[in-house]
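Asker: Residue numbers (our numbering), protein chains in the order written: chain S, 119 to 420; chain R, 623 to 952; chain P, 231 to 575.
Incorrect hints may appear among the rest.
[Unchecked claim] Below, a list of computed lysine-lysine pairs in the DSSO-like style, where the Cα atoms sit at most 30 angstroms apart:
#1 P:307 to R:744
#2 R:796 to R:744
#3 P:490 to R:708
#4 R:796 to R:862
#5 R:708 to R:744
#6 P:307 to R:747
#7 R:796 to R:733
#8 R:747 to R:708
#9 P:307 to R:733
#10 R:733 to R:747
#11 R:796 to R:747
#12 R:733 to R:708
Worth flagging that the hints you see were computed from the coordinates, not collected in a lab.
So the chains spell out like this:
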Amino acid sequence: MAAQLPDMTAATLTAGGQPPLPSLVSARALRWQKVSRALRLWVPAALLIALLFLCFVWPYIYSIPPGDSGSILDAALPPFSPGHWLGTDPNGVDIFSMLVYGGQVSFEISLAVTAFGMIVGGTIGLTAGYFGGWADSILSRVVDVLIAFPALVLVLAVAEVLQPSETHLIWALSVFSVPAFARVTRGATLTVRNLPFITASRLTGTSNWKIIFKHVLPNVIPGIVTFSLLGIGIIVILEGAVDFLGLGIQIPQPSWGAMIAKGQNVLTAEPQYVLIPSIVLLIFVMSLNLLGDALRERWGVR
Amino acid sequence: MSDALLEVEDLRVAFASGGREIRAVDGVSYQVEPGRTLAIIGESGSGKTVGCRAIMGLLPLGTAISGSARLHGTELIGLSDSQLRKHRGSDMAMVFQDPARSLNPTMRVGKQITEAIRTHRKVSKSDARDQAIELLRLVRIPAPERRFAEYPHQLSGGMRQRVVIAMALACRPKLLIADEATTALDVTTQAQIMELLLELQRDLGMALIFISHDLGLAASYADEVVVMYAGKVVEQAPAKRLFGAGGTVKMRYTRALLDAIPHLERAAHTELPVVTGRPPDPSMLPVGCSFAPRCLSAADDCAAKAPALTEHAPGHRWACWHPCENGGTA
Amino acid sequence: MALAQQVQLQREPGARNDIVRRVAGSPALQLVGRRLLTAIPVLLGVTFLTFVVMNLIPGNPAQLILGINASPGAIAKLDAQLGLNHPFWDRYWLWLDGLLHGNLGIAYSNQQSVNSDIAQFLPTTCWLLLYTLVVSLLLGIVVAVLAARRPNGIFDRISLAVSMLGLSVAPYALALVLIYVFSVRLGWFPTISNSLGDNPLTAIRALTLPAASIGFPLFAVYTRLLRADIVEQMQREDYIVTAKAKGVPPWRVLVVHATKNSLFTLITLVALNLGTLIGAVAIIEPIFSLPGIGAELINAININDLPLVEGIVVVFALVTVAGNLLADLMYTVLDPRIRYGRAAS
């Protein structure tokens with residue numbers, strides 16, 4: 119007798135038989151679960167988009183005072199002053215503008231470094247993890263050597279040697295991000311590589327490239343993406359540290375780290391010069407971390 | 623009726639995941655008498671394991687449980703964890719599937735057994751040690767004194783499972799639940815462990831529930847069989863009634879499971895009648911009979927209303943609108 | 231192996247010989263040996279990389295040190311003094327040779343040996359690191375265990391929020407905020423400390439805010455990952471369910487079974503973050519004017535004292551490698567599966 123699959127969707131409850139039992143779990147709990155999951159993803163995403171908007175779009179649709187110069191007449195205005203809603207620093211430079219232009223630089227650098235790390239480091243890690251053998255031994259040793267240096271120290275050493283500038287800063291930070299990505303990618307690749315279905319693919323003679331692109335990469339990418347979000351945060355803080363020490367972005371170009379450093383001098387009397395950029399930095403990195411967490415949960419990355 | 627050791631009535635277990643309600647166990651009832659063996663058979667996801675863990679109180683926080691499970695008259699559902707703990711490991715014990723993972727890899731085997739003893743009895747360390755060695759001897763582990771000090775990875779799979787059984791028996795439980803206890807073992811060891819369990823059951827007068835997907839085991843070792851599908855009991859009968867010569871399997875699902883077992887007597891090169899499809903998603907259970915989408919004899923009324931589990935013949939219950947004819951195939 | 235045979239020949243009863251026999255032939259020792267061997271190329275690589283980086287300077291390093299207005303004569307003299315006119319490999323071997331004998335060279339700025347310079351500032355940094363590590367580790371473990379007790383409970387949620395804050399904060403920003411709150415406003419701690427003082431109390435007072443600045447982000451990392459590991463053990467590992475099935479009380483299951491096995495993760499965690507911990511001193515010490523190696527490094531960078539910078543960077547890197555190695559060894563030794571070898575099955 120051929121199997122006739124009955125139409126389940128049209129089934130209605132008729133008399134006799136057993137009705138389905140009532141729900142045991144409260145509907146409110148279910149609703150809240152769905153809502154909180156969505157919030158945890160979209161709130162940090164929205165914050166990030168807002169920050170990006172403020173730094174890259176706002177100054178071009180609404181003119182703001184320059185971030186690297188100001189008039190002495192406007193020196194040290196408090197927040198909420200007319201024309202300078204976050205106030206000005208002791209030299210009269212508008213604080214909001216400094217945040218915006220400093221933010222531009224921070225975003226550019228951290229994105230460049232992360233992208234470079236993802237591409238170069240990712241390739242290295244993938245190669246080492248997938249092909250193993252000599253490639254893995256050599257590449258892993260090199261990565262180990264680079265990772266052996268505390269990040270900040272390495273960046274400082276390079277910054278010291280190459281005179282401070284945005285490009286040199288990107289190189290210096292990449293020396294840290296490339297090995298980090300390489301390690302993470304290698305780990306993720308190894309996990310996937312030893313799964314039975316990969317072995318099966320290889321046994322049927324599928325070419326390595328095809329396996330990598332069709333099977334390994336899709337499984338490795340979620341982990342890389344969530345790691346890169348975390349990485350951007352780390353890079354921004356690291357870059358801020360270099361600026362803080364005066365070895366990165368040079369004045370008069372604004373940067374968050376330099377703002378915090380300058381505020382150190384007047385910390386006792388006027389803490390807002392330290393607090394404002396610190397809070398902005400905190401919000402930025404926290405949004406990145408929260409978004410990374412939410413995505414990791416969504417995509418089931420360990 | 624009341625001489626049953628374990629009485630489960632209308633047990634339901636559900637939890638929320640990803641914004642949906644997962645109905646793992648959807649109204650299950652059965653009984654076990656002391657000294658008898660009950661086999662709970664079902665596919666993965668049928669709710670067989672979850673149901674027993676609910677009775678033991680081993681489900682994670684936030685799981686909704688309703689219904690009744692009475693051990694020797696004591697109601698277990700609804701007890702607080704600290705109250706349930708008095709029964710766990712002492713009155714009722716459980717043995718799990720993978721002995722390699724059931725034992726703490728960084729703790730010596732003997733210590734894990736004495737822990738079971740000393741949790742429930744006030745015994746000195748050396749007395750506990752002696753008792754543990756006795757238990758190892760009881761489960762037929764050679765050189766028990768030496769094994770006492772070893773780590774789990776130093777034992778073979780069969781020996782590890784014996785250790786787990788020894789741990790479970792530490793306080794002479796009245797009920798032992800073996801959850802797929804032999805699934806991870808090779809066939810020879812499997813037979814040895816099953817024989818051991820039955821011997822211990824006879825000697826200690828325990829009730830034994832063993833959970834499995836293997837009908838063959840049920841046929842060989844069980845007194846009574848309960849078949850579960852999608853969280854409900856679909857057939858329940860003494861083993862003799864279901865299997866063997868003149869077996870009268872009524873529910874289509876059970877019949878399909880039996881038919882899917884390859885037999886030596888079959889004609890060569892005939893297609894094995896496997897059951898196509900997969901069990902329903904426990905968060906979206908159908909209104910009618912849960913097996914209907916995969917049943918070859920499904921009719922329209924099967925999808926419209928779910929058959930209730932009723933005792934159509936003495937000692938034999940099933941839930942099917944169009945049960946099998948005697949001895950026939952689906 | 232010879233030792234094991236000797237012992238066997240004597241046939242002396244007793245537990246001590248058992249242990250000796252087991253250790254000598256144990257897979258653990260072999261693993262330890264292998265790990266040490268793999269560390270050597272890394273150490274060599276580290277020294278090489280440091281040297282390469284420091285000598286990457288475009289142009290003349292001597293000129294960099296002396297400044298733009300230096301006379302060619304002075305530059306030539308410094309060149310000779312620093313040996314900069316020798317080929318690259320010669321200089322590397324010379325430096326490496328000195329390194330292996332414990333001599334890191336002469337600092338240009340004060341003509342003192344780099345060794346003595348580092349030795350002068352090392353103790354302060356060590357105390358800071360110890361303080362930070364111990365406190366953040368202990369707090370991390372305690373909070374993680376308490377949080378894992380009831381996942382998604384109130385304590386857990388609060389700890390996750392606090393640790394999220396710790397993960398996102400910049401240590402230098404945190405340092406300044408702490409200074410403002412606890413030093414300027416509340417006066418509990420000194421703002422800057424030129425020395426650790428002569429008794430433990432002044433030392434602790436001087437080190438607390440710096441340790442908190444480095445330690446808070448570190449604590450956040452520890453507690454988050456440890457909690458996740460413990461919760462995963464409690465929820466996914468079969469031996470936990472077995473322990474619960476035996477009727478073992480929840481606290482014991484948590485601490486004796488789950489946490490003990492999570493310690494391996496913790497060790498790996500500490501090792502991985504060693505670099506962050508050690509590197510952070512470079513930015514925190516100057517803020518508090520602590521006389522440690524981090525501050526000295528920044529100092530050296532600002533006055534372009536290349537040999538000094540080189541020496542300090544190498545020390546930083548070697549210590550990090552040593553720390554990682556130590557953690558690796560601890561892991562190997564503590565895991566009984568490796569200690570006693572793999573038996574049948």
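Asker: Next, verify each hint and record whether it holds.
Answerer: Status of each hint after checking the structure:
no.	hint	result
1	P:307 to R:744	violated (84 angstroms)
2	R:796 to R:744	holds (20 angstroms)
3	P:490 to R:708	holds (25 angstroms)
4	R:796 to R:862	holds (24 angstroms)
5	R:708 to R:744	holds (13 angstroms)
6	P:307 to R:747	violated (79 angstroms)
7	R:796 to R:733	holds (23 angstroms)
8	R:747 to R:708	holds (20 angstroms)
9	P:307 to R:733	violated (73 angstroms)
10	R:733 to R:747	holds (10 angstroms)
11	R:796 to R:747	holds (25 angstroms)
12	R:733 to R:708	holds (20 angstroms)
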